[in-house]
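Participant: Using the sequences and the hints, build the whole thing.
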Amino acid sequence: MASTIFRSLQVQPFLLYPTTLLRRRNGVFQFTTKATQSQAETQQRQPQSKVSTSTQSKKLDKIPKDYEAIIGIETHVQLSTLTKAFCGCPYSYGSPPNSSICPICMGLPGALPVLNSKVIEFAVKLGLALNCNLAFNSKFDRKQYFYPDLPKGYQISQFDVPIATAGFLDVDIPVEFGGGHKRFGITRVHMEEDAGKLLHAENGNYSQVDLNRAGVPLLEIVSEPDMRNGIEAAEYAAELQRLVRYLGVSNGNMQEGSLRCDVNVSIRPIGQSKFGTKVEIKNLNSFSSVGRAIDFEISRQVQLHSQGQEDQIVQETRLWEEGSQRTITMRKKEGLADYRYFPEPDLPAVILSQEYVDGIKNSLPELPEIKRRRYEQMGLSMQDVLFLANDKNIAEFFEATLAKGADPKLVANWIMSDIAAFMKNEKLTINEIKLTPEELSELIASIKGGTISGKIGKEILFELLAKGGTVKEIIEKKDLVQIVDPVEIETMVDKVIAENPKQLEQYRGGKTKLQGFFAGQVMKLSKGKANPGLLNKILLEKLNSKS
Amino acid sequence: MNQGDHYHHTPRRSIRPREVKVDLPHFFGKDDVEVYLNWEMKVEQLFACHRVKRRVRSISKEKISENISLTSFLFLFKFIHSKLKMLSTLQTPRSLTRLSHSFTSRASLADQAAAPPHSEILSIRHALLSRRASAADLARAHLARLRRPEPRLRSFLHLPDDDALLAHARRLDALIAAGHDPGPLAGVLVAVKDNICTADMPSTAGSRILEGYRPPFDATAVKRVRELGAIVVGKTNMDEFGMGSSTEASAFQVTANPWDVSRVPGGSSGGSAAAVSARQCVVSLGSDTGGSVRQPASFCGVVGLKPTYGRVSRFGLMAYASSLDAIGCFGSSVADTGILLHAVAGHDRFDATSSKQDVPNFLSHFVSASSLESKPLKGLRVGLIRETIDDGVEAGVISAIRAAALHFEELGCTVNEVSLPSFSLGLPAYYVLAVSEASSNLSRYDGIRYGNQVYADELDSLYGGSRANGFGSEVKMRILMGTYALSAGYYDAYYKRAQQVRTIIRNSFKEALNQNDILICPAAPSAAYKIGEKKNDPLAMYAGDIMTVNVNLAGLPALVLPCGFVEGGPSGLPVGLQMIGAAFNEGELLRVGHIFEQTLQNCRFVPPIVAEDIGY
Numbered sequence: 001m002a003s004t005i006f007r008s009l010q011v012q013p014f015l016l017y018p019t020t021l022l023r024r025r026n027g028v029f030q031f032t033t034k035a036t037q038s039q040a041e042t043q044q045r046q047p048q049s050k051v052s053t054s055t056q057s058k059k060l061d062k063i064p065k066d067y068e069a070i071i072g073i074e075t076h077v078q079l080s081t082l083t084k085a086f087c088g089c090p091y092s093y094g095s096p097p098n099s100s101i102c103p104i105c106m107g108l109p110g111a112l113p114v115l116n117s118k119v120i121e122f123a124v125k126l127g128l129a130l131n132c133n134l135a136f137n138s139k140f141d142r143k144q145y146f147y148p149d150l151p152k153g154y155q156i157s158q159f160d161v162p163i164a165t166a167g168f169l170d171v172d173i174p175v176e177f178g179g180g181h182k183r184f185g186i187t188r189v190h191m192e193e194d195a196g197k198l199l200h201a202e203n204g205n206y207s208q209v210d211l212n213r214a215g216v217p218l219l220e221i222v223s224e225p226d227m228r229n230g231i232e233a234a235e236y237a238a239e240l241q242r243l244v245r246y247l248g249v250s251n252g253n254m255q256e257g258s259l260r261c262d263v264n265v266s267i268r269p270i271g272q273s274k275f276g277t278k279v280e281i282k283n284l285n286s287f288s289s290v291g292r293a294i295d296f297e298i299s300r301q302v303q304l305h306s307q308g309q310e311d312q313i314v315q316e317t318r319l320w321e322e323g324s325q326r327t328i329t330m331r332k333k334e335g336l337a338d339y340r341y342f343p344e345p346d347l348p349a350v351i352l353s354q355e356y357v358d359g360i361k362n363s364l365p366e367l368p369e370i371k372r373r374r375y376e377q378m379g380l381s382m383q384d385v386l387f388l389a390n391d392k393n394i395a396e397f398f399e400a401t402l403a404k405g406a407d408p409k410l411v412a413n414w415i416m417s418d419i420a421a422f423m424k425n426e427k428l429t430i431n432e433i434k435l436t437p438e439e440l441s442e443l444i445a446s447i448k449g450g451t452i453s454g455k456i457g458k459e460i461l462f463e464l465l466a467k468g469g470t471v472k473e474i475i476e477k478k479d480l481v482q483i484v485d486p487v488e489i490e491t492m493v494d495k496v497i498a499e500n501p502k503q504l505e506q507y508r509g510g511k512t513k514l515q516g517f518f519a520g521q522v523m524k525l526s527k528g529k530a531n532p533g534l535l536n537k538i539l540l541e542k543l544n545s546k547s
Numbered sequence: 001m002n003q004g005d006h007y008h009h010t011p012r013r014s015i016r017p018r019e020v021k022v023d024l025p026h027f028f029g030k031d032d033v034e035v036y037l038n039w040e041m042k043v044e045q046l047f048a049c050h051r052v053k054r055r056v057r058s059i060s061k062e063k064i065s066e067n068i069s070l071t072s073f074l075f076l077f078k079f080i081h082s083k084l085k086m087l088s089t090l091q092t093p094r095s096l097t098r099l100s101h102s103f104t105s106r107a108s109l110a111d112q113a114a115a116p117p118h119s120e121i122l123s124i125r126h127a128l129l130s131r132r133a134s135a136a137d138l139a140r141a142h143l144a145r146l147r148r149p150e151p152r153l154r155s156f157l158h159l160p161d162d163d164a165l166l167a168h169a170r171r172l173d174a175l176i177a178a179g180h181d182p183g184p185l186a187g188v189l190v191a192v193k194d195n196i197c198t199a200d201m202p203s204t205a206g207s208r209i210l211e212g213y214r215p216p217f218d219a220t221a222v223k224r225v226r227e228l229g230a231i232v233v234g235k236t237n238m239d240e241f242g243m244g245s246s247t248e249a250s251a252f253q254v255t256a257n258p259w260d261v262s263r264v265p266g267g268s269s270g271g272s273a274a275a276v277s278a279r280q281c282v283v284s285l286g287s288d289t290g291g292s293v294r295q296p297a298s299f300c301g302v303v304g305l306k307p308t309y310g311r312v313s314r315f316g317l318m319a320y321a322s323s324l325d326a327i328g329c330f331g332s333s334v335a336d337t338g339i340l341l342h343a344v345a346g347h348d349r350f351d352a353t354s355s356k357q358d359v360p361n362f363l364s365h366f367v368s369a370s371s372l373e374s375k376p377l378k379g380l381r382v383g384l385i386r387e388t389i390d391d392g393v394e395a396g397v398i399s400a401i402r403a404a405a406l407h408f409e410e411l412g413c414t415v416n417e418v419s420l421p422s423f424s425l426g427l428p429a430y431y432v433l434a435v436s437e438a439s440s441n442l443s444r445y446d447g448i449r450y451g452n453q454v455y456a457d458e459l460d461s462l463y464g465g466s467r468a469n470g471f472g473s474e475v476k477m478r479i480l481m482g483t484y485a486l487s488a489g490y491y492d493a494y495y496k497r498a499q500q501v502r503t504i505i506r507n508s509f510k511e512a513l514n515q516n517d518i519l520i521c522p523a524a525p526s527a528a529y530k531i532g533e534k535k536n537d538p539l540a541m542y543a544g545d546i547m548t549v550n551v552n553l554a555g556l557p558a559l560v561l562p563c564g565f566v567e568g569g570p571s572g573l574p575v576g577l578q579m580i581g582a583a584f585n586e587g588e589l590l591r592v593g594h595i596f597e598q599t600l601q602n603c604r605f606v607p608p609i610v611a612e613d614i615g616y
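Heads up: the protein sequence lines correspond to chains A and B, in order. For what it's worth, the working numbering labels the leading residue of the first sequence as 1, then goes sequentially. For what it's worth, the working numbering labels the leading residue of the second sequence as 1, then goes sequentially.
Keep in mind the hints are simulated off the structure, nothing from the lab. You may find that some hints are simply not true.
The calculated label-pair distances, taken between Cβ atoms and stated as ranges, are [what the hints assert, rightly or not]:
1) A/S306 / B/T503: 54 to 62 Å
2) B/D457 / A/Q307: 39 to 47 Å
3) B/A133 / A/S95: 36 to 44 Å
4) A/G248 / B/N507: 19 to 27 Å
5) B/N536 / A/S95: 37 to 45 Å
6) A/G359 / B/A133: 25 to 33 Å
For each residue, glycine too, the CB sits at the ideal point set by N, CA and C.
Facilitator: Next up, the structure:
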């Protein structure tokens, strides 16, 4: 609709805070004015990477037993609304800089925010899923600070009346990390908008501002300081990711920054009630880095403490360096920043009705924790439960297979073993494989009913995984129906015995191990279709009958 | 996130306090509040104490230049504080007392007999539709009227090419020729205050920091008048970001009052008021945060309407204080003002605070000329706010208002004096809220994305330099005050207190409006004053807003229309009557205002500059 000069700002890349050098260069950026009409729809995103906590380092052993770590996590979840929080701009990760901006998210003079109602809906969903108390009458506030990626000079956020408070999140710690069920407290959940991004030039002489992300809705989830080690923290974060994916409020992708964790770590000697000085860690791009960064930080603090240097543990923000696997000082805090919060006068209060909340409550999907408990009751092992329930798509596949009448344990076995291995090798998600739940169910039924052997079943499975099709088609096409006719098997046994007189002689001379050889030859002749039980029975009879 | 443990701080070193007695304008309250200002202590707290120094210097990014009157800044704060502390001693409203009628003379220095004002907009529409005149002819004539006094008045900051306007007018003529309705505002020249965004003209809000800034969109109000056929004739001068009451705080020029060019037109919408007063345009849009439409309407002798908060979309209005800002209308008659309001009012999905209330056709409630004779306002209950006709208000203004009250009685109204004990609390509460919101709203002018930038090697210096250079001293002072008021440890004493006062004021107005249909009071404590008279006395300037700020705090609609004169200038200075109505009841205000205006005798509100030039 119109364009204006959008000045590029150039900032030294390695200095992240406003003590930064600037070089000026002018550039022209385009932006458009867009209607806010399409705000109330959601955007469907591809489900992303699987949760993986398998690479946790086991530094725990190194922590002296006489210290205890206190860990709290602040998580920012980017909501997958179709448009931004306060304007009609769409947001998609990776689009060209400043291609999705308008006067509102650029903070032009005279532009006003209008709330996307989906943000409230998503906040209520997550608040309910986290077992929080909802504020039926909340509001937005302005959090004020100057930074080039913050176009208005303030962030629209929630201060003293967050939309949800005092909840909890239940987590099952994986068996390989000791297992067990943990409940972590949730202090609050509040709505806010994201800031833009600074793009730092290669030569480090300047930075530019990309406002695509400015105004994208976020939920900030603050945990109680309930975690005690890196694994618990990583599992908490992973469960939160699961939850937002189950709820469909975010893609939860850490690499894209859709889910960002800042952790606070302090230690204290066991028995001391006073908290130690807490240190904040940023730049955690995966669950494993959450765990490793925390474990590193605990070791660092314990080491300082045990050497009598606890005064060197200062309140600061540290960065996790993936390369060197350590945390380094980013900035020291001089007391608390004064953000001069006050109620946002451009937005009306957020008032929820009981019907609205009930409507959302009734539409919530089955949440991971409930699903895990249900799977547990099916008699599955905790390892199976976690594998099946922790990925929404796998859970859906599992349940769709069960819906066709298959036995849970058998389905679990198939998914956990061959299907999982296939997905891992081919780097595919369960939604990308050609096998459908219907066919898996059919396959299991065919084996159980004796139509095909377990071995043939595996062959069919790989065909289904790679190429698709139906179990019946493959059985027919490849003539894979099991041979259960004793006469037919007997003919083949006779043939094999006749063709191997030497081995027969050896067998009858006492080398009974050769039975396996004969069985293999018959199976080969039958192209694997002979019923193994029948085959062995007939073979044994023939071999042992002194004819 | 948690401010808890840093609420309190102690000055680094103690300084022996020196007491200074400050005299305050007495209409702030009857108590004659004496403020003992612990002068150096305040300075210590504000600027020497490390934490606050950092806060004020680096967070607000202002450089405290010498020309900022620190004195006023501190006086005001101390004063505000003392007034807000009085809250607990507030009494319940006194009972209404009957107004005594001792006034019979009407203070009118313009004694020419004249016809009452008529609607220019309707005349233009008739002329166009009856083909008596073309839009191009009308535009040409209006542009001539605009140009002639402009060098003396300097109402406009930006005027587009005549060619562009005439081309627009010819398009309207083509529509009419083709038998289409060109829209109810076709051919009407509308001036727009410079803090309201226009895509085809610069919009600077009277500030250097936005010099040359051209928005990529029209404000909703501008879009609506354009859609109805109006021609936007230019951007009018104003106090920088609306912060001022005389238009002298414009970064670019001082606008003169058409009634006396040595006087101010009022402000902050001084340019819009002067332009309508001098008939440089037909109607104009202004903005009113604490009286910025009503006070200049009073000073310039035109009709000014501040609608209910939320009645007109603020989208495209550069925010000063978002919870108080309202786009308002100027016209030379009540009818024109009502037509303009009708054009711009109504819900806008781009402004979450805009109301979904229906917008009635205000003119349909107007009584016909024939029924003006016989007590057309019979039964209407009018409340005269006692606190506004008290000490501290110019005698001539009080006389004019009392005469207006009498005129209401003649029209059949019952007029009662009504007391609003919280009235004097409005000013400090208003200034706390307005500067707090302003300090936040003006954060976006950082020189990064648009506006003037002062290049610096360091980010902080870029911010500081751009803002120090771009903002005028009044704006800087208000940002500093707002930054201070919102700071941790001060929030409760200032912002929160002021919000409580706001609630009290809202309730007291509600009660007064339950017992009265409209409330009346002056629009300003004086008529237009001389240019330069109050420029260096911010407190006196702020005090001038006493009549209007309460209405913004309560979010109510108010109509100002000229009702009389006081001595001054070549032919007297107009005085405006302010009529305050219930929320969303602009229709009633316009109906009553129209009757008042049509029946007012012996007053003709055409300034000498127009009479000379055009021979009105």
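Participant: Compare the structure with each hint and give your call.
Facilitator: Evaluation of the provided hints:
no. : hint                        : in the structure
1   : A/S306 / B/T503: 54 to 62 Å : holds, 57 Å
2   : B/D457 / A/Q307: 39 to 47 Å : holds, 41 Å
3   : B/A133 / A/S95: 36 to 44 Å  : violated, 53 Å
4   : A/G248 / B/N507: 19 to 27 Å : violated, 45 Å
5   : B/N536 / A/S95: 37 to 45 Å  : violated, 53 Å
6   : A/G359 / B/A133: 25 to 33 Å : violated, 60 Å
Figure legend: structure checked against the earlier numbered hints; hints not met, in rising order: 3, 4, 5, 6.
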